[in-house]
Each structure stands twice: as structure tokens, then as C-alpha cells.
Amino acid sequence: MEFIELKDMSHVYYSGMKNEYKALDQINLSVRQGEFVAVIGTNGSGKSTLAKHLNAILLPSSGRCLIRGMDTREEENLWQIRQEVGMVFQNPDNQIIAAVVEEDVAFGVENLGVESSQIRTRVMEALRAVGMEHYRKFAPHLLSGGQKQRIAIAGALAMQTKCLVLDEPTAMLDPIGRREVLSTVKKLHEERGITVVYITHFMEEAVKADRVVVMEKGRICFEGTPAAVFTQVARLEKLGLDVPLAAKVADRLRRKGMKLPAEILSDEELAVALCR
Amino acid sequence: MSIELKNVTYTYMPRTPFERTALHEVSICIKKDEFTAIVGHTGSGKSTLVQHLNGLLLPTNGQVFVEGTDINKKEPAALAAKRRVGMVFQYPEHQLFEESVYKDIAFGPRNMELAEEEVERRVRKAMEFVNLDYEEYKEHSPFQLSGGQMRRVAIAGVIALQPDYLVLDEPTAGLDPRGHKDLLAKLSQLHKQEKIGIVLVSHNMDDVARLADRVILLNQSRVVINSSAKTAFRETKKIRAAGLDIPQVTALLQTISEQGLAVDTDVFQFDEAVEAIFQAAKGAKSC
Amino acid sequence: MLSDITIGQYFPGASILHRLDPRSKIVLLGIFIVAVFVFNTPATYGLLCGFTLLLIAISKLSWRMMLKSIKPLWWIILFTFLIHLCSTPGSELAKVWIFSLTWEGLEQGVFISVRLILLILLSSLLTFTTSPLALTDALELLLGPFKRFGLPAHELAMMMTIALRFIPTLIEETDKIMKAQKSRGADFSSGSLIRRIKCLIPILVPLFISAFRRADELAMAMEARCYRGGIGRTRMKVLKISRIDYMAYAFVLLFGTGLTILKISGL
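Residue numbers (this note's numbering), protein chains in the order written: chain A, 1 to 276; chain B, 1 to 287; chain C, 1 to 267.
If you're looking for bench data, these hints aren't it; they were derived computationally from the structure.
Just so it is clear, CB atoms sit at the ideal spot from N, CA and C, and this is done for glycine as well.
Any given hint could turn out to be false.
As the list claims (entries may be wrong) - Under the rule of at most 20 Å between Cα atoms (straight-line distance), these lysine to aspartate or glutamate pairs were calculated in the EDC-like manner:
{"id": "1", "chain 1": "B", "residue 1": "LYS282", "chain 2": "A", "residue 2": "ASP251"}
{"id": "2", "chain 1": "B", "residue 1": "LYS31", "chain 2": "B", "residue 2": "GLU67"}
{"id": "3", "chain 1": "C", "residue 1": "LYS176", "chain 2": "B", "residue 2": "GLU93"}
As the list claims (entries may be wrong) - The following residues of chain B were derived to be distant from chain A, with all beta-carbon distances above 12 Å:
{"id": "4", "residue": "THR16"}
{"id": "5", "residue": "PRO17"}
{"id": "6", "residue": "GLY55"}
{"id": "7", "residue": "GLU113"}
{"id": "8", "residue": "ARG121"}
{"id": "9", "residue": "HIS180"}
Using the sequences and the hints given, assemble the complete structure.
Have a look at this one:
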């Protein structure tokens with residue numbers, strides 16, 4: 001059984017009203033347990049809407065969304081789904097509830113009704129997993145954007161979530177913060193086998209995934225490994241998306257007549273290819 | 001024609017336990033005919049520095065001159081000088097408040113007490129510049145627009161002041177690649193066609209490489225680089241010590257050069273880099 | 001000025017005051033507030049002042065912070081003092097302009113000012129030594145018995161927690177909005193009163209809209225973390241009454257008895 005299965009799923013906002021708007025159109029997508037999937041697309045492509053279906057914040061207008069076989073439309077599944085799928089949102093401030101870091105990380109665990117003595121253990125473990133254990137008594141407004149997002153991740157980990165969905169977690173961060181968040185997520189994926197769905201428009205982040213899904217106007221355009229996707233330079237540029245620099249340079253060189261191997265993504269790969 | 005800072009030092013909350021020097025003896029000159037980029041890590045003093053350019057902050061020590069006028073003296077000439085510097089903050093769409101796009105953009109010009117016909121002219125021009133159709137959007141509520149459109153309304157609101165200088169703090173933050181590219185193209189247009197002195201505060205060295213004539217690098221409240229873009233990007237050590245990275249294009253060329261292909265690494269723009277690699281690869285028989 | 005606001009500020013520490021159960025602190029604060037109004041003889045005032053100073057010393061908080069907490073209200077205190085000084089009938093002390101200052105007025109003025117100061121200091125002692133979450137937890141538990149009468153104790157406590165958490169964030173945002181509007185020529189410091197009130201609109205509207213947006217996003221984040229109200233919720237920090245609390249209650253009981261005796265005997 002796949003961890004996430006979207007079957008012919010569509011989502012319409014303001015259905016029946018004047019400004020009715022189809023944000024998702026017949027989406028079919030599967031994510032295996034332990035997979036790291038990046039979803040890219042411009043603003044308006046529907047990627048955020050898609051993310052919100054994964055923990056049943058939104059329900060499909062048609063089609064189905066199954067999390068470990070549980071249909072999101074069945075109300076009795078709701079809390080189980082939300083415990084198994086943790087979400088990190090774009091705005092670091094607007095997902096921190098408590099005035100002290102460790103209290104915020106405990107929030108989700110407390111909602112699950114876990115026994116008091118257990119909660120602290122989980123909180124400490126989660127903070128250690130994201131490297132923020134020394135900040136447990138800090139007030140959130142003293143933290144950097146990257147640190148706040150790591151707290152949000154810890155909050156999900158403490159709930160023993162099996163899947164992290166991150167909706168443009170680095171859009172509001174500086175380069176240092178972006179690196180912090182991505183390396184934390186990558187580490188958790190490698191060490192704990194957590195399934196990751198990572199929504200972004202920074203291709204240097206998408207490049208680290210196992211699989212990249214490209215969305216446009218509510219549909220999945222195409223998908224594949226980062227190498228397969230990002231070497232389709234012309235197609236991505238037409239969609240208004242960015243491409244890793246080395247891939248872009250390689251593409252231009254090929255058009256000038258140079259012979260280069262098909263899948264070049266990183267600077268090193270290009271350098272090696274040029275020196276053959 | 002310039003904005004000049006002379007020995008500017010700024011200390012937050014002096015004489016308290018929270019005292020912090022955000023700027024230390026900064027002396028720089030921002031020329032109207034240059035596209036200046038101010039770069040530095042978070043906390044280096046960038047935001048503090050730019051808030052001195054239009055008098056939002058008064059230096060603890062030192063002076064700020066706009067076109068020769070000290071803007072921190074309490075005289076009408078100082079006020080007029082301050083008004084020549086427009087400022088766009090991060091996420092400028094968060095400052096929108098009026099009932100209609102027209103009224104919000106008109107806020108600035110109306111504060112300048114201009115005649116209503118002049119206000120309308122300026123609003124039209126500003127909306128045209130940010131590609132928002134005047135007739136279609138002027139009566140819209142700004143809050144019914146998309147995020148990208150709201151940002152354009154906010155920027156139009158500052159452009160309508162017709163400043164001589166425009167300071168922008170991370171104007172592309174949160175935009176997708178297409179929006180990012182479009183906005184930077186507009187800034188370049190403003191500088192080249194409207195002859196406005198642009199000051200861009202950014203983390204993104206690639207943007208800076210593409211657009212800036214002059215680069216000012218701040219590290220821990222001091223200016224460590226203040227030179228033409230080309231000269232600035234050669235200072236790899238200083239840039240990395242300041243917590244930033246050199247343009248991706250330059251890093252790529254360095255990697256290629258290390259691998260053995262003799263390519264000119266003194267290049268910071270994409271097209272030139274492609275050309276440099278092409279020529280180098282053609283010429284070399286082996287690495 | 002905005003940075004002078006110490007409301008909601010919490011200074012972590014390990015003094016006895018920090019370690020008392022927050023419920024005890026709230027109850028005892030309530031008792032003290034009543035005491036400050038009931039005991040109005042010079043000797044009892046003196047004892048209450050002395051006790052407050054003793055508490056501040058025990059808490060190991062900085063005296064500067066305590067004085068700072070009085071700062072925002074100093075003009076109310078001064079105003080109250082002057083009103084009593086000028087309008088209490090009695091034996092005249094001096095005559096200033098049309099006001100007759102009396103000895104009784106002086107005495108009243110001083111006592112009432114001292115009362116206000118004590119109230120501020122004691123309340124500050126509570127918030128400075130108790131984390132916002134402990135306060136709201138304590139309130140939720142104290143108001144718990146009223147749930148059966150329809151009082152949404154948990155929801156109120158949650159609202160307070162979130163409000164306190166966002167105070168520094170909203171202050172920062174107000175600052176940013178003010179700077180942005182100033183850069184567009186808005187002038188907050190000159191002109192008639194009406195003009196200045198109108199000038200607040202470019203700040204309040206964006207602030208409100210941003211607050212609503214935050215609330216919406218926060219609600220989503222809370223739901224995503226399985227929040228469904230107070231039912232079935234456990235807490236990481238469980239409040240427990242300990243020996244220190246019993247000692248504090250006993251001490252206050254003795255102190256109260258002493259004050260009552262003093263008052264009855266007319267001192």
C-alpha cells in the first residue's frame with residue numbers, strides 16, 4: 001500500500017459561486033513510504049492546495065485522497081491522519097503557538113492526550129533531532145526564520161509523525177535559513193525513513209529529492225528523478241520555473257553544438273564532462 | 001548627485017543592558033547614476049543602514065547628506081531632501097490599507113499635497129509601470145488581488161512619489177522565479193530609463209551580479225567591501241567570511257577551472273560564462 | 001517607547017517566588033489586593049510596603065525592572081495624588097492659586113499613591129516570575145469549576161496564551177508598518193487631534209488585516225497538530241501544590257492576622 005494515494009482528485013474553490021475556481025484538476029499521484037518527493041510549480045499551479053489535502057485540511061471536490069489507505073473524507077480518520085502526516089507551513093511565525101520553544105513543541109503531543117511524563121521525553125528527543133535542544137527555553141521571537149521552521153518540524157516529530165509535508169517552508173527565509181531547513185529535512189529522511197513531500201520553487205532544494213513532480217494550472221505536467229526533470233530546460237523555462245545553473249549552461253552549450261552527456265545537474269558533473 | 005553617509009554609527013537602546021551597535025563608522029557614497037547593491041547576512045546592519053538613507057533613523061554619530069543637504073537638521077530643506085529617497089520594505093503588500101488601488105497609490109502623492117490632477121497623472125503612470133491596467137484595477141480593493149499584484153500596487157505607491165532614489169529591501173522575497181525575474185527587469189528599467197538611483201538590499205549574489213554597478217558588503221556592522229561589482233566579486237574570502245557566497249556563475253567557473261579546463265573565472269554573468277566555457281573547451285585539446 | 005512595554009514579560013529564575021505554584025500566586029495576589037484596600041492605617045501600610053519590598057528582594061528581580069513597571073502609569077499616580085492633595089477638606093497646609101492644599105489631602109494623597117504603587121508592583125511580581133503559559137494554565141484550572149455554568153475556561157486560557165505569545169511579534173509589525181507609511185510621507189507627530197487620529201488608519205488597517213491573516217493561519221496550524229479544544233488534552237507541565245505553597249499560605253495567614261490585629265487596635 002502506498003503511503004499517499006491521490007486518485008482523480010480535483011478541488012474547486014467557491015463552488016457554485018461567481019468566482020468559482022478549479023485549483024486541482026484530476027490529480028493522480030502516489031507516494032511510497034520513505035520517499036522524498038519535491039513538488040514544484042509557479043504561484044497558482046495548485047501545489048499549496050495539493051499539500052493541504054494531505055492532512056485533510058482541505059477535502060477533495062471529486063476523486064479521493066488516501067493516506068495509508070484512510071480516506072480523508074471519512075471523519076473518523078481525521079485525527080489519525082493528522083497525527084501521521086505533520087505539516088510545516090510557509091510563515092514561520094504563524095504556526096508557533098506558545099511563548100516558549102519547548103511548550104510549542106509539546107503542543108501537538110498534548111493534543112494527542114499522551115501521558116504527562118512521556119511528553120517531555122518526546123519533546124527533548126524531537127528538539128535534539130533538529131539540533132535545537134539548547135534553545136528549549138527561548139522565546140520564539142528571538143529566533144531566526146530557519147530556527148523557527150526547525151521548531152515547527154520538531155513539533156511534528158514529537159507527535160511521531162510518519163510523513164512531513166512542507167509547504168514552501170523556505171519561501172520567507174534567507175539563504176542560511178534555507179540551508180538549515182533543507183539539511184534538517186534531508187537528515188530526518190535519511191536517518192528515520194520519514195516520508196517527505198516538499199513543496200518549493202527553489203530548484204536547488206528540489207534537486208535533493210528522490211522524485212520531482214512538476215505542476216501547472218492544477219495539473220501534474222510531468223515527473224521523474226531530479227536528473228530527468230531538470231535537464232528538460234526549455235520545458236521548465238516555458239513554465240516559468242528555474243533550472244540548476246549547470247543544467248542551464250549545459251543546455252546552452254549543446255545548442256551551440258557541443259556534445260555533452262544528457263543528464264548534467266551539478267557543477268561537478270559539468271566540469272567532469274567538459275574535461276573528457 | 002549622491003547620498004552620502006559620513007562616519008555614521010548607530011546604537012540601539014544606548015545606556016541599557018540591551019545596547020547594541022548596529023552600524024560602526026560607515027562612510028559610503030551612493031551615486032544616482034549607479035545601481036548600488038547592499039549585501040550582508042541577517043544582522044549585519046543592512047536594514048539599519050538603509051533606514052538612514054531616508055531619515056527613518058537618526059545616526060547616533062555622524063551625518064547623512066542627500067544631494068548635499070544634511071537630512072537630520074530640522075529645516076524644510078532637510079524634509080524636501082528626505083522626500084527624494086523612496087523606500088520599499090520587505091513584503092510591501094503588508095502596508096496596503098485603502099479601499100481602492102487608486103486611493104492607496106495616491107496616498108504618497110496626496111501626502112505631498114499635490115494638486116488632484118497631478119496625483120491622477122502619477123497614479124496612472126505608476127500603475128502603467130507595474131503593468132496594472134489603470135481602468136481595470138483602479139477601483140478594485142487591493143485586498144482582492146493576488147499576492148503578486150498586491151506587491152505591484154505597493155511598489156507603485158512608492159514610485160508615484162517620483163523619488164530620485166529608490167531603496168528596496170529584498171523586493172523579490174517570496175516571489176516565484178517568474179515574478180522574481182520580472183521585478184528585477186523592472187528595476188533595471190527604472191534605473192536606465194527613468195534615471196532613478198537604485199539601492200538594492202539583497203542576499204542573492206546572482207541578482208547582484210546581474211544588475212549592480214557597485215557592491216557594498218556589510219559584515220557585523222562594518223563595511224568590508226565598497227567597490228565596483230567586478231572588483232567586489234574577486235574578494236571570495238571576504239564574501240565567504242561575511243556568510244555569503246559568490247555568484248553561482250563564478251563558482252561554476254571555478255569548479256571547471258579546478259577540474260583542469262583553463263577558463264576565465266573573472267566572469268559574473270551567465271551569457272559571458274557560457275561563451276567563456278565554449279571558447280575554452282574549443283581551444284583545449286585535453287585537460 | 002514601544003520597547004518600554006514590559007507587560008507579559010517573564011524573567012526566568014529559581015527564587016521561591018518562581019517556584020510557587022502559579023495558582024497560589026494568583027490567589028495570594030488576589031488576597032493582597034484586597035488587603036491593600038482594607039488595611040488603611042499607617043502601621044499596616046508600612047508593613048505591606050515592607051512585605052512587598054521583601055518579596056521583590058526574594059524574587060531576585062532587578063529593582064530597575066520593578067521601577068520600569070511603574071513607569072507607564074506614573075502620571076495616573078501623580079494625578080491621583082494631586083487630586084487628593086487639592087480636594088480633601090481639612091486643616092490648610094498651603095494655598096496654591098485657587099487650590100487649598102491640606103494636611104489631610106497630603107496624607108490621603110500619599111496613601112492612595114502608595115496603594116497604586118503596591119498594586120502595580122505586586123501584579124508585576126506575578127507576571128515577572130510566572131511564565132505566560134503557567135499563568136494561563138493556572139487560570140484554566142482555577143476557572144475550571146465554573147465550566148459547568150458555561151464558562152469556556154479552556155478557550156479563554158488558550159486565547160490568553162496566544163495573545164501573550166504574539167505581543168512582541170505585533171509590536172515589531174506595528175513598527176514596520178509605521179516606517180513604511182512614514183516613508184510615504186505620513187506624519188504621525190503633527191497637526192490637530194483629528195488629523196492625528198486619521199493618521200492612525202494607515203497603521204491600524206494593515207495591522208488588523210495582518211492579525212486576521214495570522215489568526216487564520218494559526219488556526220490551520222493548530223488543527224494540523226490535532227487541536228480539538230480542551231477535551232482529552234494533557235499537559236507537559238503539571239501544576240502541583242508543594243510544601244513551598246503551604247508555607248506561603250501559612251505565612252500569609254499569619255501576616256493577615258497580624259494586620260487585622262493592628263487595624264483593630266487602631267494603629
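Check your understanding: Which of the numbered hints are not met once you compare them with the structure shown?
Key -> 9
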